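**Student:** As a plain string of letters, each chain reads:
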Amino acid sequence: MAEVFFYALSAFAVLFALGVILAKSPMMSVLSLLGTFFCLSVVYLLAGFQFMAAAQILVYAGAILVLFLFVIMLLNLGDISARAEGAAVFLHSTAAKIGAAIAIAIGLALLIATTAGALNLSAVQEVPEGIDGFSGLAAELFGRYSLPFEAMSVLLLATMVAVLVLAKRQRRGRAGSQV
Amino acid sequence: MQVPTEHLLFLAAALFAIGVLGFLIRRNVIVVLMCIELMLNAANLTFLAASRQHSTPDHVNLVGPVFAIFVIAVAAAEAAVGLALIIALFRLRQTTDADSVQEMEG
Numbered sequence: 001m002a003e004v005f006f007y008a009l010s011a012f013a014v015l016f017a018l019g020v021i022l023a024k025s026p027m028m029s030v031l032s033l034l035g036t037f038f039c040l041s042v043v044y045l046l047a048g049f050q051f052m053a054a055a056q057i058l059v060y061a062g063a064i065l066v067l068f069l070f071v072i073m074l075l076n077l078g079d080i081s082a083r084a085e086g087a088a089v090f091l092h093s094t095a096a097k098i099g100a101a102i103a104i105a106i107g108l109a110l111l112i113a114t115t116a117g118a119l120n121l122s123a124v125q126e127v128p129e130g131i132d133g134f135s136g137l138a139a140e141l142f143g144r145y146s147l148p149f150e151a152m153s154v155l156l157l158a159t160m161v162a163v164l165v166l167a168k169r170q171r172r173g174r175a176g177s178q179v
Numbered sequence: 180m181q182v183p184t185e186h187l188l189f190l191a192a193a194l195f196a197i198g199v200l201g202f203l204i205r206r207n208v209i210v211v212l213m214c215i216e217l218m219l220n221a222a223n224l225t226f227l228a229a230s231r232q233h234s235t236p237d238h239v240n241l242v243g244p245v246f247a248i249f250v251i252a253v254a255a256a257e258a259a260v261g262l263a264l265i266i267a268l269f270r271l272r273q274t275t276d277a278d279s280v281q282e283m284e285g
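Top line first, the protein sequences correspond to chains A and B.
Residue numbering for the first sequence follows the numbering used here, beginning at 1 and increasing consecutively.
Residue numbering for the second sequence follows the numbering used here, beginning at 180 and increasing consecutively.
Derived from the structure by calculation, the hints contain no laboratory data.
Predicted, not measured: the structure shown is a model, and the values here were computed from it.
Where is the CB? At the ideal position from N, CA and C, for every residue including glycine.
Where hints are given, some of them may not hold.
Heads up, simulated SDA-like pairs for lysine to any residue below, C-alpha to C-alpha not over 25 Å straight-line [claimed, not checked]:
| # | chain 1 | residue 1 | chain 2 | residue 2 |
| --- | --- | --- | --- | --- |
| 1 | A | K24 | A | A100 |
| 2 | A | K168 | B | V260 |
| 3 | A | K24 | B | L271 |
Cβ-to-Cβ under 7 Å is the rule here; a few derived chain B residues that face chain A [stated by the list, open to error]:
| # | residue |
| --- | --- |
| 4 | Q181 |
| 5 | E185 |
| 6 | A196 |
| 7 | V199 |
| 8 | L241 |
| 9 | V245 |
| 10 | L262 |
| 11 | F269 |
Computed from the model, here is a short list of chain A residues facing chain B with C-beta under 7 Å [unchecked claim]:
| # | residue |
| --- | --- |
| 12 | L45 |
| 13 | F49 |
| 14 | G117 |
| 15 | G136 |
| 16 | A138 |
Using the sequences plus the hints, can you model the full thing?
**Tutor:** This is the structure:
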């Protein structure tokens, strides 16, 4: 049952991801991305990662995508970009060919690695109570990985300062920078 | 769930490839940022698939989830800075089209 669910969710995740890159308006792209993130969250849950599923919803769907939606609504981009680029035009560009080549290369490499047995993976052993329990994860984050954890908090602080500097309206800037 | 790790990796590869494709073909910088988020999610899925592969009921492997948390934090920081840059660009040019900003002749 869970297996059928996984394959259905995978198909939906890929379809939503295609929707992100093929949608004409950025608003539809954000909503498709939301679908991909929800599907991935349930995949994490099925794979035994309860905390990561919750973090996926809270951080990605709850914070990052709301930020995207906020910027799109603030800039009122809906019709501008729909006029600027259509699906038919950008699919025939050189960049599309390079991108398709990279996509095919990634798929082929993984396919060859799996069929040739290079990965040589043993059968997965189920962990019924879930892999990322809070106590184990906290012990790792604040024990063995405490230095990267602190570096992460410094990074977030630096990001906050950088965003404040970037988004601040410049009062005595050049003439072109006035809104 | 009895799905082999390879199938999780296939899903991650498909999402990453779609992200690369979108990154290259789209000219709207906001959609380009979304494609980066898609690629980071594919990387997260790979981390978690590896962690699941190496977990047994006796000993769970937590390296994957820990690094996935770091990736999520970096993704949040990247989205915030990227969107601030887009707002600054929009103030300057009234557009988010990547092809209209060519001072560096890239």
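**Student:** Each of the hints needs a verdict: does it hold here or not?
**Tutor:** The hints, checked one at a time:
no. : hint               : verdict
1   : A:K24 with A:A100  : holds (19 Å)
2   : A:K168 with B:V260 : holds (13 Å)
3   : A:K24 with B:L271  : holds (24 Å)
4   : Q181               : holds (6 Å)
5   : E185               : holds (5 Å)
6   : A196               : holds (3 Å)
7   : V199               : holds (5 Å)
8   : L241               : holds (5 Å)
9   : V245               : holds (5 Å)
10  : L262               : holds (5 Å)
11  : F269               : holds (5 Å)
12  : L45                : violated (9 Å)
13  : F49                : holds (6 Å)
14  : G117               : violated (11 Å)
15  : G136               : holds (6 Å)
16  : A138               : violated (10 Å)
Checked against the numbered hints given earlier, the structure breaks hints 12, 14, 16 and satisfies all the rest.
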